[in-house]
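Student: Chain B: place on chain A using the hints.
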Amino acid sequence: AQSVSQHNHHVILSEAASLELGCNYSYGGTVNLFWYVQYPGQHLQLLLKYFSGDPLVKGIKGFEAEFIKSKFSFNLRKPSVQWSDTAEYFCAVNARGQAGTALIFGKGTTLSVSS
Amino acid sequence: KAGVTQTPRYLIKTRGQQVTLSCSPISGHRSVSWYQQTPGQGLQFLFEYFSETQRNKGNFPGRFSGRQFSNSRSEMNVSTLELGDSALYLCASSLAVGITNEQFFGPGTRLTVL
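Heads up: the protein sequence lines correspond to chains A and B, in order.
Residue numbers for the first sequence follow the numbering used here, beginning at 1010 and rising by one.
Residue numbers for the second sequence follow the numbering used here, beginning at 250 and rising by one.
Excised from the complex, chain A in its bound form (with noise of 0.2 Å):
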């Protein structure tokens, strides 16, 4: 069965520190790849996704995430990390061929940024 792992369930950095979330995945075969962030009080939104081409992929607010097959990762950095930035983040994978859209999510993880 699939599964998702975030190694690090809060981060707690300063304001420009650089950012480095992990997530593995366990699945032998293709995959789609996901990152989701929860603002405080906001809807549970898409940061970026990988379908297949470029593995370092680019989202919004300055994230981007770097698929390694061979280490089975997918993870989420951002150079310099803004106040704003405090929310959960989440990873989730979804096997390409499956039927519908079915998402298998990591646990999440919580960062907190410091002003």
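Treat the hints as calculated values from the structure; they're not laboratory data.
Heads up, the beta-carbon is just placed ideally off N, CA and C, and yes, glycines get one too.
Be aware that a few hints might be false.
[What the hints assert, rightly or not] Per label pair, the in silico range of CB-to-CB distance:
#1 L332/B / S1014/A: 39 to 47 Å
#2 S1023/A / F318/B: 47 to 55 Å
#3 P257/B / S1035/A: 30 to 38 Å
#4 E1073/A / T349/B: 17 to 25 Å
#5 S1014/A / K306/B: 18 to 26 Å
#6 F1060/A / S300/B: 20 to 28 Å
[Said to hold, decoys possible] Mimicking SDA-like on lysine to any residue, the simulated pairs with C-alpha atoms at most 20 Å apart in a straight line are:
#7 K1116/A / A1096/A
#8 K1067/A / N350/B
#9 K1070/A / G277/B
Tutor: Quick look at chain B alone, frame taken from chain A:
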């Protein structure tokens, strides 16, 4: 354009009761998916509907069911509620089935089972 709406936003029920949650997708979206979010298990896929047909189902007991209407609105029902059903239930809509269609999430319905 209005987003995904879910009603009610909060519900309190007792064990053994049943509950129905409603989701109205973004106008023009025909696919609706449901997820359960708990602190222990995180976000878990329940089921997906498209054109009034269930297209995909997660690993949940038969007490969890859903349906979709001709206007794409969807409802999910949980019968014989258990304490462990306390969770945030999220609905997501997309234009069609298929992962290339971005899913847009609603605010969720917070269900508390006493």
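Student: Work down the list of hints and note, for each, if the structure agrees.
Tutor: Results for each hint:
1. L332/B / S1014/A: 39 to 47 Å: violated, 27 Å
2. S1023/A / F318/B: 47 to 55 Å: holds, 49 Å
3. P257/B / S1035/A: 30 to 38 Å: holds, 36 Å
4. E1073/A / T349/B: 17 to 25 Å: holds, 20 Å
5. S1014/A / K306/B: 18 to 26 Å: holds, 24 Å
6. F1060/A / S300/B: 20 to 28 Å: 24 Å Cβ-Cβ, so the 20 to 28 Å window holds.
7. K1116/A / A1096/A: The hint holds at about 14 Å.
8. K1067/A / N350/B: holds, 18 Å
9. K1070/A / G277/B: violated, 27 Å
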